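J.: In order, the protein sequence lines correspond to chains U and Z.
Residue 1 is where the first sequence starts when you use this note's numbering, and the numbers rise one by one after that.
Residue 1001 is where the second sequence starts when you use this note's numbering, and the numbers rise one by one after that.
Simulated from the structure, these hints should not be mistaken for lab results.
Among the clues, some could well be false.
[As the list claims (entries may be wrong)] Quick list of in silico lysine-lysine cross-link-like pairs, DSBU-like style, CA-CA up to 35 Å:
#	chain 1	residue 1	chain 2	residue 2
1	Z	K1188	U	K53
2	U	K169	U	K193
3	U	K169	Z	K1025
4	U	K143	Z	K1072
5	Z	K1124	U	K53
6	U	K53	Z	K1193
Note that the structure is a prediction, hence the values are computed from the model and not measured.
Listed here are the chains, written in short residue letters.
Number of protein chains: 2
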Amino acid sequence: MLKYQKIAIEIEEYIENNQLQQGNKLPVLETLMTQFDVSKSTIIKALEVLEKKGLIFQVRGSGIFVRRLRRKGYINLLTNQGFKKDLDDFSITSKVVELDVKKASSEVAHNLNIELNSEVYYVKRIRYINGQTLCLEESYIDKAIIPYLNKEIATESIFNYIREALGLKIGFSDSYLYVDVLNQEEAKFLNLKSGLPKLYVENIFYLTNGQSFNFSKVNYNYEQSQFFIQANGYYL
Amino acid sequence: MLKYQKIAIEIEEYIENNQLQQGNKLPVLETLMTQFDVSKSTIIKALEVLEKKGLIFQVRGSGIFVRRLRRKGYINLLTNQGFKKDLDDFSITSKVVELDVKKASSEVAHNLNIELNSEVYYVKRIRYINGQTLCLEESYIDKAIIPYLNKEIATESIFNYIREALGLKIGFSDSYLYVDVLNQEEAKFLNLKSGLPKLYVENIFYLTNGQSFNFSKVNYNYEQSQFFIQANGYYL
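The following block holds chain U by itself, in its conformation from the complex (with noise of 0.2 Å):
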């Protein structure tokens, strides 16, 4: 973990620790860097990270500000840390119902920009939300990249074993989603009955150097499932 990344860690867990609330003011910087005693560098790019995590705002000339009317178990939309984290309340475990090595279909391939019929991994989940089902997860994972799997792994989580014992980086993301009903199969499987609305999501995910890994597709029990995005100016 670099320098910056730590101090981002600190100043989070400062704000947490201080139970600092949305609109309270930070320190300016100068007492920042003497507070971590590091450069005003590694300041600035620490609060940059804070900024683009949702939990600061910058106004010029005024200050830094504390962000966080988020909401207490909701699912952050912009990230991949998992649900534990956002749901750190709540018990979440995963079943795996599947896992086998396939061909890639056209809308897999095309997701994952790679040939027709290469091999990739398939894996059913179910994750439950304090015993309750969360959501049926369909991943489909290029061999190439990810060359093994096992049902534990896919138990825990396939992203930490990627970062941790591949040493890959996923740098970033495309989510596609919309509302729908569902089908008997995916409700069977949530043990709901089927009609019953879901929020259907597509993620891609990408390494740093941009090629996809995994692509994959959720359905959500909507009594159990709520969501939130932070976004920040630079989208505005």
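Chain Z: place on chain U using the hints.
T.: For chain Z alone, coordinates are given in the frame of chain U:
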């Protein structure tokens, strides 16, 4: 508009006009500097804007690449440029159902960070896409910040008015969303049957100084709406 913003738009047009595809490499920094006749720092700032908008990605030591898998007809959940920009192949119109000055309820006061019973504009609009109902939107707008609104402004774009007529700068936003079913009143406005699925979104928009000025509740017609989110590395 600042120079780097202008250059960002020009590079975006260059990608568009040359029909560059996902993964296509852009010219190196030095070439871009010459091509647009600006300094290195201006190009770097312009590229940062494009990266945050999800239009390019940069690979250290390797170059700048185009990012544009985005599918047509999806509404960007990370922008408030209005639907028109995402849905430029579609005809988008609005009808103002109600425009009133109201006293802020505790929910509105909490989300706008104002006193209970402060005056807010209440705007209820239906949006249409190609003549079909797209969403029913109720907005609560802090009258202390936006002292005047009328039906004409609300039929066009309130955000354009805020930016252009009032000179206010829109900074960031929080969105909370979940799937639910339409109640009778919502269904009536959307010209749908009650009990059908909907995506429900609450948005809070802030000025660059951190003041929240707009709290809105949007009910989407699930058959007419689909969404995308492009997350960049800072969130991953």
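J.: So which of those numbered hints doesn't the model satisfy?
T.: 1, 2 and 6
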